[in-house]
Amino acid sequence: MTAAPMLVQATAPHGRLRRQSPLMRLIGAPAGAILVAFILIQVLCIAYALIAPDEFRYLSSQNLTILMKAVPVLGCMALGVGVLMIAGEFDLSVGSVYALTAIVMAVQVGSGMSPFLAAPLAVLIGVAIGLLHGFITLRAALPSFIVTLGGLLFWRGAVLLYNGAVQVRFDPGPAFQGLFGGTFLGINAAFWWFLALSLAFYLLLHRHRFGNHVFATGGNRAAATAIGIDVNRVKMTAFAIAGGMAAFAGILATVRVGSVQPGQGTGLELQAIAACVIGGLSLTGGRGSVLGIFLGGMLIHTITNVLLLMRAPGFYLDMFIAVLIVGAAAFNSMIERKGRG
Amino acid sequence: MHMPILELHNITKRFGALTALRDLSFHVNEGEVIGLLGDNGAGKSTAVNLISGIHKPSGGHLFVDGKQTLFSCRTDSAEAGIETIYQNTALVDSLSITRNIFMGRELCTHAGMLKLAEMREIAMQVLKSAVHISGIDSPDMLVGELSGGQKQAVAIARAVFFKRRILMLDEPTSALSVRETEALLNQVLKLKAENVSSVLVTHNLYHAYQVCDRFVIMSHGTKVFDVAKADTSISQLTEYVVLT
Chain A
1 MTAAPMLVQA TAPHGRLRRQ SPLMRLIGAP AGAILVAFIL IQVLCIAYAL
51 IAPDEFRYLS SQNLTILMKA VPVLGCMALG VGVLMIAGEF DLSVGSVYAL
101 TAIVMAVQVG SGMSPFLAAP LAVLIGVAIG LLHGFITLRA ALPSFIVTLG
151 GLLFWRGAVL LYNGAVQVRF DPGPAFQGLF GGTFLGINAA FWWFLALSLA
201 FYLLLHRHRF GNHVFATGGN RAAATAIGID VNRVKMTAFA IAGGMAAFAG
251 ILATVRVGSV QPGQGTGLEL QAIAACVIGG LSLTGGRGSV LGIFLGGMLI
301 HTITNVLLLM RAPGFYLDMF IAVLIVGAAA FNSMIERKGR G
Chain B
342 MHMPILELHN ITKRFGALTA LRDLSFHVNE GEVIGLLGDN GAGKSTAVNL
392 ISGIHKPSGG HLFVDGKQTL FSCRTDSAEA GIETIYQNTA LVDSLSITRN
442 IFMGRELCTH AGMLKLAEMR EIAMQVLKSA VHISGIDSPD MLVGELSGGQ
492 KQAVAIARAV FFKRRILMLD EPTSALSVRE TEALLNQVLK LKAENVSSVL
542 VTHNLYHAYQ VCDRFVIMSH GTKVFDVAKA DTSISQLTEY VVLT
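Protein chains in written order, with this note's numbering: chain A, 1 to 341; chain B, 342 to 585.
Quick caveat, the hints were computed from the structure, so don't treat them as lab data. Computed from a prediction, not measured in an experiment: that's the story for all the values here. We put the CB at the ideal spot given by N, CA and C, even for glycine. Please note that a few of the clues may not be correct.
[Said to hold, decoys possible] What follows is a set of in silico ranges between Cβ atoms, one per label pair, in the way DEER data are often shown:
id, chain 1, residue 1, chain 2, residue 2, range
1, A, L117, B, H451, 29 to 39 Å
2, B, E420, A, R169, 51 to 61 Å
3, B, G357, A, I39, 39 to 49 Å
4, B, H451, A, L199, 36 to 46 Å
5, A, T284, B, S399, 56 to 66 Å
6, B, E420, A, G173, 47 to 57 Å
7, A, L59, B, R520, 50 to 60 Å
Sequences are here, hints too, so could you generate the full structure?
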């Protein structure tokens, strides 16, 4: 039996490997569909804004400023949640962690602590909470959905336990305010932070060994274990990142508003997961991209912004996002099934 | 004269009250293809898992290159040059062929950044020279886009690149088409020519007879026959497996 000639014949191109058009290949890529949708929506919005600039002030500087201030909070939270989702886990507690860490930071600054110490402290608390969730999830072999659902309620209660149901003012001084809430080259500092963190997450997930292990852990845990990857360590790190990014989002929001409400961030965890799902992340892990998370967050706020500019009632937004999430999840599922053949 | 590179000596494996392997002994020579045969429940997969480091023996000894060893995980067996390829290969569908080949052993800078161009170049060479997988345009293709046979070939490519000396193939053909099965068996023969040993676990005696040099037949957790291909025939093999 000769080897090579038979091999060529035996492994002739499979049906699924037929050439696809570049557009179909783009749509099939992890962030391809969201990229196409985002570009289409932007083209439509810009065209309408140019045709009717008085009715639809999408391109006005005020509107763009509002958009740039609003996106980073959800975007940063979604980056952390996204890494965890790619690793195959969920975190439903990030909205509560965001509120708790922001309150701790604001209270400490109000008591005289430097905001440059209080902010890292808030992020450390977020990381510690993430690690705790990860530890319970992995040690007790519980679904992270359940553990972090408990976290959502527990940390929301902890907010009230820590400082009661009162609003806390946050006045960090000009240096801190400028660093997180100022403007640089005409762009809001928070948006610069979001861009920088998106780039850092891109390098971490798509260009670093850790990212490869995150995808492997979420995509095929047994395979990752078999090849010698410490999947528990990967997941613990991802939980810590999710907690830390929730705290960082809290810092950005607190600087922007100048105060913290105890109920702040309620429902934000679901929006963060929605941004990830819309961005092409798989609900079962192992699939997704930072570009998708970035565009998912941007798209949610673009739609919010468009509906506000069109003076549509708030419930339209919820309904629209709901349709978008289910549609995106169905699309992702179809792509995954196609991939599995 | 070939030297045994892998040797199981009186290996026993118990799971509670169940004895899955009882005093199992056989060896694998360098460049030899062994057919590990037997009916369901014979203990073949347990033996594979034990050699792969997934299970630890309850008794007996395992030798690699004549040295007694004990694998506590898959990484240990991989370091000893053993790669296990399962029916559902240990690959990640959502990652590219390149990233799968290097998964867990990525080429990185000191800061952990992937040397993607270097990895891609090597993956391309491995795919071209080691396993001849046609239908794959580029090592950037996602593994999820490949057929079952192509996935097996990528798993073998990984083993070849990392200089594995023993391939454990556990029912590798059960999910493959006739053509893909033919390709896989050819790959086993090609690797044998390069002195890579294989242990083929299969229910299909015809596949085993096609490529194996020797057959170890198991029944109820123990070895009942150990026979060279030259000393048996396909009908005799069938009898051994059916009657034991």
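Here's how the hints hold up against the structure:
1. Taken as a hint, the range 29 to 39 Å holds for the pair L117(A) and H451(B), whose Cβ atoms sit roughly 31 Å apart.
2. With their beta carbons about 59 Å apart, E420(B) and R169(A) fall inside the hinted range of 51 to 61 Å.
3. Evaluation of the 39 to 49 Å hint for G357(B) and I39(A) yields a failure: the beta carbon distance comes to about 60 Å.
4. Distance hint check for H451(B) and L199(A): the Cβ-Cβ separation is about 21 Å, which falls outside the suggested range of 36 to 46 Å.
5. A hinted range of 56 to 66 Å for the beta carbons of T284(A) and S399(B) is inconsistent with their spacing of about 36 Å.
6. At about 56 Å, the CB distance of E420(B) to G173(A) agrees with the hint of 47 to 57 Å.
7. Distance hint check: the CB atoms of L59(A) and R520(B) are about 58 Å apart, consistent with the given range 50 to 60 Å.
In terms of the numbered hints stated before, the structure departs from hints 3, 4, 5, listed from lowest to highest.
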